[in-house]
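Enquirer: Listed here are the chains, written in short residue letters.
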Amino acid sequence: MRELFALFEPGFLLHNALWGSIAVGFFCPLIGVYFMLRRMVLLGVALPQISAAGISFVFFLQGLGVSWSLHAGEANDRFLALAGSAVFTIAAIFVLAYFERRGEGTSESRIGAVYALAYAGAILLVAANPVGKIELLNMLHGEIVSVSSQDLHVLLMVYAFLIVTLFLFNNQFLLVSFDRESARVMGKNVAAWDLWLYSIIGIAISIGVLIVGPMLTFAFLIIPPLAARRFCRKMTPFFIVSSIIGGFSGAAGFALSYHLDWPLSPTDILVASVILAGAFLLRKSLDARAASS
Amino acid sequence: MPDQPDTQRSTLISLDRASFGYQGQVVIRDATLDIVRGEFIGLVGANGSGKSTLFKGMLGLIPPLSGCVVHAPEISRRIGYVPQRDQLDGIYPLTAFDVARMGPVGVLPWFRFPGPQITRKVMECLEKVGMEGYRARTFAELSGGQRQRVLIARALALDPQILVLDEPTAGIDPVAEESILALLSELNQESSITILMVSHQIQSLRHRVRRAILIKDHGVLSGPAEELLHPDRIIDLLSVS
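If you're matching them up, the sequences are chains A and B in order.
Sequential numbering of the first sequence, starting at 1, is according to the numbering used here.
Sequential numbering of the second sequence, starting at 1001, is according to the numbering used here.
Just so you know, the hints here were simulated from the structure itself, not pulled from any lab data.
Predicted model only: the values in this text are computed from it and were never measured.
Built from N, CA and C at the ideal position, the CB exists for glycine as well.
A couple of the hints might just be wrong.
What the hints assert, rightly or not - Think about it this way: if two alpha-carbon atoms lie no more than 25 Å apart in a straight line, the pair counts; the simulated DMTMM-like pairs of lysine to aspartate or glutamate are:
| hint | chain 1 | residue 1 | chain 2 | residue 2 |
| --- | --- | --- | --- | --- |
| 1 | A | Lys284 | B | Asp1232 |
| 2 | A | Lys234 | B | Asp1089 |
| 3 | A | Lys284 | B | Asp1173 |
| 4 | B | Lys1121 | B | Asp1173 |
| 5 | B | Lys1216 | B | Asp1016 |
| 6 | A | Lys234 | B | Glu1132 |
| 7 | B | Lys1056 | B | Asp1159 |
| 8 | A | Lys188 | B | Asp1089 |
| 9 | A | Lys234 | A | Asp194 |
| 10 | B | Lys1121 | B | Glu1074 |
| 11 | B | Lys1056 | B | Glu1177 |
| 12 | B | Lys1056 | A | Glu9 |
| 13 | B | Lys1056 | A | Glu100 |
| 14 | B | Lys1121 | A | Glu181 |
| 15 | B | Lys1216 | B | Asp1034 |
| 16 | B | Lys1056 | B | Asp1089 |
| 17 | B | Lys1128 | B | Glu1178 |
| 18 | B | Lys1216 | B | Glu1190 |
| 19 | B | Lys1128 | B | Glu1074 |
| 20 | A | Lys234 | B | Glu1124 |
| 21 | B | Lys1216 | B | Asp1236 |
| 22 | B | Lys1128 | B | Asp1173 |
| 23 | B | Lys1056 | A | Asp77 |
| 24 | A | Lys234 | B | Glu1039 |
| 25 | A | Lys188 | B | Asp1086 |
| 26 | A | Lys188 | B | Glu1074 |
| 27 | B | Lys1121 | B | Asp1159 |
| 28 | A | Lys234 | B | Asp1086 |
| 29 | B | Lys1216 | B | Asp1089 |
| 30 | B | Lys1216 | B | Asp1159 |
| 31 | A | Lys188 | B | Asp1236 |
| 32 | B | Lys1056 | B | Glu1074 |
| 33 | B | Lys1216 | B | Glu1074 |
| 34 | B | Lys1216 | B | Glu1226 |
| 35 | A | Lys234 | B | Glu1141 |
| 36 | B | Lys1056 | A | Glu104 |
| 37 | B | Lys1216 | B | Asp1232 |
Stated by the list, open to error - Residues from chain B that keep clear of chain A, each with C-beta distances beyond 12 Å, as calculated:
| hint | residue |
| --- | --- |
| 38 | Asp1030 |
| 39 | Pro1109 |
| 40 | Ile1235 |
Hey, can you work out the whole structure from these sequences and the hints?
Expert: Here it is as structure tokens:
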């Protein structure tokens, strides 16, 4: 137990990585709730991959000699990666929203095609990059171990801003998600509210992918809300419980990964999945008990 | 109602030779009609005749291809819209109270937080539709008729000039259907709320509404419900030519 608490001490070597992992785990489920309620889980898989393709693209350009230098050394690389990731993610959301409004084809097929393209694109752009590939591959899998204090502060500030935004606009986001037609009759610009929500989602995913990689970002978006929905009958507890499960998975996964020397992302996903399985079994047992009494 | 003053007989929604459709295809052609304050109107038509298109056009959800739709200034953001309850996904963890609260909260500007007066108003409206005892129940757990009542409460919480309902009695049992129609009649007569509803249940509608709007061959007919929805006439009117 003492060893567990030692992880949270400021002097711990991977202090920033631990808090980064918890912060992503804590925040991603808040937007994952909307993915689940809007039945956009597939988009939750595609967007982190698109974000990764954005990172590859920026470094591909850098390899060709097209670059921008706003910070020194590694900080500049991370800034460029974040910019590429955010631009690709938000652009993809807007393009998908445009086709959704035109109503051509099914949204699943569009998202599936974009996911496949992003997956292939990310790999091909790394392969075609004339400069180093190992570092870039690390970045595509999330560089949680190398998160600096500055990165952590930026992450926490951006997530704090996004949490306040989600809280302020929660009623509007909920109305346009639950009952779009009524929202329009009430005078809401549904498309504008959608784009605002998607922008928040895009920023959150871009940062999440950079810190923990696309797979863990997707898992944090989807698994905690799935577990929380088994027990929550109101929206506020649904948000809070999802977020706590995500944050806990981030912390417990990190501790397990550190002590067992397992890779971080799969360990975090394993912890979240165990919680999901536990929630499923507990719900079944409570329902069976209620039915028999 | 010839003795009522003009303010009470005012037109709330007016269509002047309005055509509606999608991607240039006309579904409703040259519809001209007025929805006057205090009316109880049923909108009927065969499946696929364009009821939803006309309905959406009247609400301003789709723009007219030609002609015009005019809403009286007093109904701006005061249209109590009741969608088909099956359009609303049961995956959302929302109680009956949460759903009813979405009405008044939805018309608040984003920077204003809902205060206790909204809670009071929502409770009043749930009570008015007989759902105050179900306020903490999850919306998805309610029966079709109960969900319909909650949606009517949500619309009433806007203090609407007009209630607009899309198939409120579709897929619910005859007892619940009758009680919903009775509730709507009561709201129309006692609270003077104008009601426009789309329905398939022509015979039950005939004895409740005063005026019917009927869609046939892309055109719109309007007249007294007893006459237009009479069994002898309705089969002829609804048959596809």
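Enquirer: So if I understand the rule, the pair passes when the alpha-carbon distance is 25 Å or less; does Lys1216(B) with Glu1074(B) pass?
Expert: Violated. Lys1216(B) to Glu1074(B) sits at ~31 Å, over the 25 Å cutoff.
Enquirer: Given the hint that Lys284(A) pairs with Asp1173(B), test it: the Cα-Cα distance must not exceed 25 Å.
Expert: violated, 31 Å
Enquirer: Just checking, Pro1109(B) versus chain A, shortest CB gap more than 12 Å?
Expert: Per Cβ check, Pro1109(B) is inside 12 Å of chain A; nearest 10 Å; violated.
Enquirer: Is the hinted pair Lys1216(B) and Asp1034(B) satisfied, with a Cα-Cα distance of at most 25 Å?
Expert: holds, 18 Å
Enquirer: Regarding the pair Lys188(A) and Asp1089(B), is the alpha-carbon distance no greater than 25 Å?
Expert: Satisfied, since the Cα-Cα distance of roughly 20 Å is no more than 25 Å.
Enquirer: Would the hint linking Lys1056(B) and Glu1074(B) be met if the CA-CA limit is 25 Å?
Expert: holds, 19 Å
Enquirer: Given the hinted pair Lys234(A) and Asp194(A), is their alpha-carbon gap at most 25 Å?
Expert: holds, 22 Å
Enquirer: Given the hint that Lys1128(B) pairs with Glu1074(B), does the C-alpha gap stay at or below 25 Å?
Expert: Status holds; Cα separation ~23 Å.
Enquirer: Is it true that the CA of Lys1128(B) sits at most 25 Å from the CA of Glu1178(B)?
Expert: Cα-Cα ~17 Å, so holds.
Enquirer: Given the hinted pair Lys1121(B) and Glu1074(B), is their Cα-Cα distance within 25 Å?
Expert: Answer holds: Lys1121(B) to Glu1074(B) is near 20 Å, not above 25 Å.
Enquirer: Given the hinted pair Lys284(A) and Asp1232(B), is their Cα-Cα distance within 25 Å?
Expert: violated, 55 Å
Enquirer: Compare the distance between the alpha carbons of Lys234(A) and Asp1086(B) with 25 Å, and conclude whether the hinted pair is satisfied.
Expert: Roughly 20 Å between the alpha carbons, so the hint for Lys234(A) and Asp1086(B) holds.
In summary, the numbered hints that this structure violates are 1, 3, 4, 12, 18, 23, 24, 29, 30, 31, 33 and 39.
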